[in-house]
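Asks: Modelling step: build the complete structure from the supplied sequences, incorporating the hints.
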Amino acid sequence: KIIRNKDLVTELLPTGKTDNTICGIMYIKGIVNPKVVRELKRRIVSIDVDQIQGDGTLDQLIEDHPFSLFPQILSTERPDRTAYFLMEGKAAIICDGTPYASVIPVTFFDMFHTSEDYALRWQYGTFLRIVRMIAACIALFLPGMYVALTLYHHEMIPTELLVSLAKAREHLPFPTIIEILLMEISFELIREAGIRVPGVIGQTLGIIGAIILGQAAVTAGLVSPVLIIVISITGLGSFAIPNFSLAFGVRISRFIFIICGAIAGFYGIAAGIFIFGGLACSLKSFGVPYFSPVAPKTTSGHDTIVRMPPWMQKTRPDFINTSDRTRMGKVVRGWVARDEKETDNDNGR
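Take the position in the sequence shown, starting the count at 1, then add 135; the result is the number in this note's numbering.
To be clear, the hints were calculated from the coordinates, so they are not data collected in a lab.
Worth double-checking, as some hints may not be accurate.
[Stated by the list, open to error] Capping the alpha-carbon separation at 27 Å, the derived lysine-lysine pairs in BS3-like fashion look like this: (1) Lys-176 - Lys-465; (2) Lys-432 - Lys-465; (3) Lys-432 - Lys-419; (4) Lys-170 - Lys-141; (5) Lys-419 - Lys-465; (6) Lys-449 - Lys-170; (7) Lys-164 - Lys-449; (8) Lys-141 - Lys-465; (9) Lys-419 - Lys-170; (10) Lys-141 - Lys-164; (11) Lys-419 - Lys-164.
Replies: Below, the structure is given as structure tokens:
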């Protein structure tokens, strides 16, 4: 038990007309927003299905925007991370028979946070978050930008690199868009096969299969070596995203930006980003804007992308509308004030 507090509440609700799966709603009374709890219970009670197969099925039945590629509910198997979210003023859902907890409400930036961020010093945690954000951008945009550069924007490529690309593509039978789609689908097949094959064999299949496939494709003259590098970096970027659901959404969205780059180059990618960003900014998770505290701009509590030192995170984020925003006292590190006072007294003598 991580949270030893009498205000920690767990309410059990039956779901599913046939299997009667028990779902528990956990929150800390006096911190959580009561409106969020009432809305969560209203949605769960109103579900009319025969069976709830787990937290994943329940999440899909209660989320605000079921057709969006972005997850609006965060699923985690870490008790310490769930406890942190509860202390932040959020609520958690646990289903009978599943080892995961679903946390609401969440924002886009919560998907890039991990428990290790808080165990490390704030400079290290901030650096890792920035690396994950860059990795997500690479996984989402790099293939589309490669297609746009090779098809429409040759003038933006340095001359030496352009000559190398032209030589590498001299005898290739497929256009760039077919080439990159072929390799993307092939690597997705390898990834899925590696997951389905049990044990160490699956991991070996994923690594060795990708190496052999890439080398064979280049040797056979089907794809260029530069494309293999682009696909490999893209895959690494998607693996660096800590949330599985968000990583899946990025992998699917990547194909959209590849098509946008093939249709209109950077202009198509810019239009895709504009439409994609507008749709993403319109999302909400149980009333909380998905891109808070950036859009709309609100007080973040010093823990969005840059994680400030713990003693500076005195308030909870205001976009959650918690009942109690105060996390700490006015003087968090009392020993510092005490030492300063003793130093002043010594100087006065």
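Asks: Hints first: check each against the structure and report whether it holds.
Replies: A quick look at each hint next to the structure:
1. Lys-176 - Lys-465: 36 Å, violated
2. Lys-432 - Lys-465: The hint holds at about 25 Å.
3. Lys-432 - Lys-419: 15 Å, holds
4. Lys-170 - Lys-141: Cα-Cα ~21 Å, so holds.
5. Lys-419 - Lys-465: 33 Å, violated
6. Lys-449 - Lys-170: 23 Å, holds
7. Lys-164 - Lys-449: Holds, at about 19 Å.
8. Lys-141 - Lys-465: Between Lys-141 and Lys-465 the Cα gap is close to 24 Å, so the pair holds against 27 Å.
9. Lys-419 - Lys-170: 15 Å, holds
10. Lys-141 - Lys-164: 9 Å, holds
11. Lys-419 - Lys-164: 23 Å, holds
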